[in-house]
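Taken in order, these protein sequences are the chains called A and B.
Just so we're aligned, residue 43 is where the first sequence starts under the numbering used here, counting upward by one.
Just so we're aligned, residue 453 is where the second sequence starts under the numbering used here, counting upward by one.
Hints are computed from structural coordinates only; laboratory data are not their basis.
All of these numbers come straight from a predicted model, not from anything done at the bench.
Possibly wrong hints are sitting among the right ones.
[Claimed, not checked] Straight-line Cα separation of at most 27 Å, DSSO-like style, residue types lysine-lysine; simulated pairs: (1) B:1030 to A:282; (2) B:1056 to B:856; (3) B:852 to A:258; (4) A:258 to B:553; (5) A:282 to B:856.
[Unchecked claim] Quick list of simulated restraints, FRET-style, between CB atoms: (6) B:1029 to A:328: 53 to 59 Å; (7) A:324 to B:622: 28 to 34 Å; (8) A:124 to B:669: 32 to 38 Å.
C-beta: ideal position from N, C-alpha, C; glycine also.
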Amino acid sequence: MTTFSSLLVPLDGSPMAARSLECAAWLAQRLEARLHVLTAIDGERPPRDELRRLRVSERHWPHIEIHQTSDPPETAIIEAAARYDVRLVVMSARGESFERTEHRDAEQVVGHVARSVIEQCPVPVLLTPPRYREVLPWERLIVPVSGAWACEDALALAAGLACDLDVAVKVVHVANPSATDEGLDLRARYSDALHHEYPGQLDELVMRALPLLPVKERHRIQSVYLRSGDVLDRLLEIVKGDRNSAVVVGWQGTLSSGRAGLLKGLIGGVASPLLLVRRLARRLSQLNTGEEFE
Amino acid sequence: MAWTVEQEGFDPAREHDMESIFAIGNGYLGVRGALDTPLPGSQGDLFVAGVYDRKVPKRPYSEREFVAADREDYPYSEIVTFPFPFRLAVTVDGVEVGLAKTRWLDHRRTLDLRRGSLCSYVEYDIDADRRVTIRTQRCASLSDLHLLLQEVTVDLVNHSGEVELSADTTDPDLADNHPHLTPLDCGATDPTLGLQRFRTQASAIEIGIASRVMLDGATAKGLRWRVAASLDEPLTLRRYVAVYTSKDVEDPLAAAIRHIERMRWPDFDDLMAAHVERWGAVWKRSDLRVAGSPATEQALRFGSYHLVSAADRDPRVSVAGRALTGRAYEGHVFWDVEIFKFPFYLHTAPDVARNLLWYRYNTLDGARRRARDLDCSGACFAWESTVTGDDVTPPSIELKTSGKVIPIFTGSQQLHVTSAVAFAVWRYWEALHDGELLREIGVEILVETARFWTSRATRGQRHFHIREVVGPDEYHHSVNDNAYTNWMARFNLERAVAAVAWMERSFPKDWRALKRRLEIGPDEPRAWATVARELLVPMPNAHGVIEQFEGFFDLEDYPLPREERFKAPISRLFDWDKINRLKLIKQADVLMLLFLFPDAFPAKVVEANYRYYEPITDHGSSLSPGIHAAIAARLGLRDDAERYWRESLWLDLSNGMGNSALGIHPACMGATWQALVFGFLGVAFTDEGPRCAPDAGSRLLPNWRAVGLDLAWRGRVHRAHVAQGPMR
């Protein structure tokens, strides 16, 4: 079984949403996955009519299972994902309703439907960003790693997906000298010999994401980039220089105002699709040492 | 808790950390503490001390970005890893169990420090009707250095069923996981034995690994069993693994087979008992007791455990940067052996200390080559050493994706490793009065290193100078007259003069032979004495502060942010040239002198230097906190002493350390031990034995009621005991 055996594409008839369908159809074909299309309308239409309204190319029709609903789109998408055992939602960052919205927050790079799905849907979301330019097939998955758990989950998923798609994984770590979160900067405590320690740290940033992956999947990681400076600027440089790619981003939290700045910056800045992987819940271990155990 | 370190639960992302912490070893063999049923990404490496091979390009992911120059030709560039020798697969009623595969209720992994063994317990909940527990223990025998032992007990808790066990250690991904190894044919042999035979690619070292595995009450058919198991009738498996290399014997596999082929079921108990007894003897001479703080005792014992596990009595090997617990530092040997680890061995296991000096003697030819490469005479020990003593430090590294080249100055400029070896020779002499070692190898080391310093020093108008060096603070390169380097060089030169005089007097015949062999000219010792006398050794200024090197006081001030302490931001690597111009240091440098020579400076000077250098040190090295703790303790700066002590003591055990996944930090453990002994207790040695500082009681941390330990000195074991006293 492949990483994503079942895909769901919510469409609203807008051209932006329709572009995500092209990407999803390509993925579904490469992964031999089922392809569900969800549309929220009042009443029910003949499937062909609805697919035509949704701007779905006729060549995809035979491969699509269409579902129509009158529920609010965000709720319907999350429910459909559960109902059809969907493993990946593919959608555009903005849909028809975004274009109709008059008052937009300056940092609002995704519409409210996409935001709800990104924040609440338990499966990864492949987002076609506002500046999306379709370049298929993908040749690489670019995975930023920071040392945070969410990035590890994203890298593990990317390695498996790369194996399914027969593409390479490019890992990027940007060390931000002024950052205070996890990452090479923080992990590299006690760098007794810098030329040993930083390569070792970089290895471990990658390796700790892959404890459960077989060698075949680990082999997909073919390049590891280390950069220093502003994380968003460096990532945008790298992604823009690699057109045949998708970006796999691990994240957690919400997209509310003032949060997830890096993710919003990426969504707003790149033309490649973004596969958003939310941090998985995990059981932790502890070492019974130190004075608290006395 | 003071005798165990226990992990509760399981987090795959922390497995590499745990594998380092729970590593077992006996100085000859080291095995990372991977799960008995390992994950696909486990690094359950087996290391054999002294087995190195040429660097394999693109082996770790980092090699796709960091390219080290000039590493291709040397056949002993990095330590070799071998497949996990305790690998086990357990299947219950057709379901393969494992922490990443099966629902589990409880998992504990426990390092039993007293017994030198690693135990684990896991309870699986296969489904509503089937639960199974697996208990394991393993050790690297301290009484038989070629032997590893493992015992596994599988217990079906609430049902009867079929259990399959496989003890096959064949790594299907050998080329990826252990690329130095070429598998060799093992020939026709007993099918009940597990055999592996490898040869390393460039160094052509052959390794034979033989294992005998037995399941209680079952007939062996290869290394797999399928048995009916009943409720409350646990299955127990025992495995004996023997490892030999062609460095030990001509036919390593044959030796390994001979070692285990006659081992039977009950032998396990005797072998384990012998191992535990040896650990008992180890603890008798190296245990530390801290009344009032079990957590401190636990962490100190954890450090001693790893230091003991790291060192063998083989004079061809030393203790690598991460011992035999990880691939980091590629198994290279640094100056920290002599300055940070050596005192632990010297005062708890002098025979190990002796062999560490023999390792340096056995690499003296490499040191001579390095001196010649530096256009000097004598011997300059490698900054990074493996087998031959040739330096394996790369001259630069390149970041491939950006083309940025970062020069590495340590290989050509960090010369103080040479005087560190001489210092250790002298300390050994002082501690044991072992004229035999001094006569056999010590004087030769001192002579050749003195020759090096004499040729490396350049004469100025009034003084000799040592220019273009890197001191312990590695943020500054190409500096002149580094106080630490020059002081230690002078120590080296003076002791060489004293040593040849002693040999001439005590062993005139041997001296004549040595003089002839090394072509020591009649004026040479006098020349060493002249350089020692006239070498510029920076002294305290009007404020009592010793300038770290010429011009240090004039460097640009750098207000060190609090968040940059206890770590080395990557800008230290990227902006190496900018850092070189700042008043920011990586680790104790001048303070090393004050630490190593406590009687050389009045307390006022020690305090002035501590006050000056401590705020500008970012402690980018694990060697730094222990030294600061020691000096702060001597000065009665209790808060500082405690802060640095805690950093050093729990470096590997604290959850936030960040890089123990790559291997534990034995030099930090040695620094911690020294911080306690020479800092808090203020131990000094007299002809009668060790004496604690008169005010040692007032230096103890508040929750320490008393500290006690034993110290070896001149053939006897002396007990040191300090009780908490009133604060100064």
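Consistency of the hints with the structure:
1. B:1030 to A:282: Given pair residue 1030 (chain B), residue 282 (chain A) is violated - Cα atoms ~30 Å apart, limit 27 Å.
2. B:1056 to B:856: violated (45 Å)
3. B:852 to A:258: OK: residue 852 (chain B) and residue 258 (chain A) at ~24 Å, within 27 Å.
4. A:258 to B:553: holds (19 Å)
5. A:282 to B:856: holds (21 Å)
6. B:1029 to A:328: 53 to 59 Å: Given a distance of about 43 Å, which is not inside 53 to 59 Å, the answer is violated.
7. A:324 to B:622: 28 to 34 Å: holds (31 Å)
8. A:124 to B:669: 32 to 38 Å: violated (50 Å)
Checked against the numbered hints given earlier, this structure breaks hints 1, 2, 6, 8; the rest are met.
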